[in-house]
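The sequence shown begins at 98 in the working numbering and counts up by one.
Simulated from the structure, these hints should not be mistaken for laboratory data. Possibly wrong hints are sitting among the right ones.
Taking lysine-lysine pairs in the DSSO-like style, the calculated list, with each CA pair at most 30 Å apart, reads [unchecked claim]:
#: 1; residue 1: 194; residue 2: 344
#: 2; residue 1: 285; residue 2: 137
#: 3; residue 1: 343; residue 2: 137
#: 4; residue 1: 137; residue 2: 344
#: 5; residue 1: 285; residue 2: 344
#: 6; residue 1: 194; residue 2: 285
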Amino acid sequence: MIDLVDHLNPVLSALLATLFTYGITVLGAALVFFFKKINKNFMDAMLGFAAGVMVAASFFSLLAPAIEMANNLHMIAWLVAFIGFFSGGVLLFIGDKIYDVLISRKSKELSKQNNSLKRCLMLVLSISLHNIPEGMAVGVAFGSLAYNLNGATPLAAILLAFGIGLQNFPEGTAVSVPLRREGFSRRKAFFWGQFSGIVEPIAGVIGAILVLKVRIILPFLLAFAAGAMIYVVVQELIPESQTNEKKDLMALFTLIGFSIMMILDVALG
Numbered sequence: 098m099i100d101l102v103d104h105l106n107p108v109l110s111a112l113l114a115t116l117f118t119y120g121i122t123v124l125g126a127a128l129v130f131f132f133k134k135i136n137k138n139f140m141d142a143m144l145g146f147a148a149g150v151m152v153a154a155s156f157f158s159l160l161a162p163a164i165e166m167a168n169n170l171h172m173i174a175w176l177v178a179f180i181g182f183f184s185g186g187v188l189l190f191i192g193d194k195i196y197d198v199l200i201s202r203k204s205k206e207l208s209k210q211n212n213s214l215k216r217c218l219m220l221v222l223s224i225s226l227h228n229i230p231e232g233m234a235v236g237v238a239f240g241s242l243a244y245n246l247n248g249a250t251p252l253a254a255i256l257l258a259f260g261i262g263l264q265n266f267p268e269g270t271a272v273s274v275p276l277r278r279e280g281f282s283r284r285k286a287f288f289w290g291q292f293s294g295i296v297e298p299i300a301g302v303i304g305a306i307l308v309l310k311v312r313i314i315l316p317f318l319l320a321f322a323a324g325a326m327i328y329v330v331v332q333e334l335i336p337e338s339q340t341n342e343k344k345d346l347m348a349l350f351t352l353i354g355f356s357i358m359m360i361l362d363v364a365l366g
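Using the sequences and the hints given, assemble the complete structure.
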């Protein structure tokens with residue numbers, strides 16, 4: 098797999114990687130065909146594990162290479178890292194606020210209409226919104242391979258895609274299963290569940306192209322992707338996993354995810 102990535106165009110690699118993450122969303126959404134209810138312990142453990150993987154990937158695969166490249170380009174490394182990292186998180190914060198306003202207005206418009214339509218709109222938009230920076234993060238990681246940075250390795254990029262794909266699984270389920278409970282047919286619930294992840298390959302390709310075409314913005318984009326991912330972890334993944342009664346066990350899964358990603362990235366990267 099790693100040898101294959103070495104020989105592929107970075108944009109094509111980013112496309113294949115984000116198609117993988119999208120495919121995991123499809124698998125998660127497909128559970129609606131087999132189960133009426135998904136085990137919460139299993140889902141929360143996956144979210145906790147994915148959170149750990151993504152935190153480690155944010156530093157070892159994105160932020161550290163961003164600082165290194167900024168130094169190589171004779172930039173003020175700490176300033177570039179700060180601006181990129183903070184911008185990534187703030188953009189998602191603003192996106193969340195805009196989304197809340199739009200949904201609030203839409204909810205009033207739909208208050209006398211079918212509640213399932215309202216539920217569909219909220220679920221699909223919220224998941225899709227967060228899938229955009231995740232797809233871009235994968236694209237940036239694969240695009241940065243063209244510059245042979247320390248930390249920016251095929252293995253690191255693959256593991257980053259794996260971590261994002263892992264947390265996409267419960268996201269696909271989180272859309273399709275509730276919609277099924279709202280009265281949607283299994284096929285329609287599955288369609289909207291997988292549809293929420295289709296933005297990732299698009300964002301991934303855009304991220305990779307930006308990196309290759311405008312090298313000087315790569316440190317910023319790497320830090321930006323790291324900030325966006327940390328925001329998702331802190332705002333979504335960890336809080337959701339901690340709703341479980343076994344909070345300490347879910348926290349342990351987060352540590353396990355971080356440790357595995359760190360070991361693989363540092364020892365094998």
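- Of the hints stated earlier, which fail here? Number 5 - this is the single hint that the structure violates.
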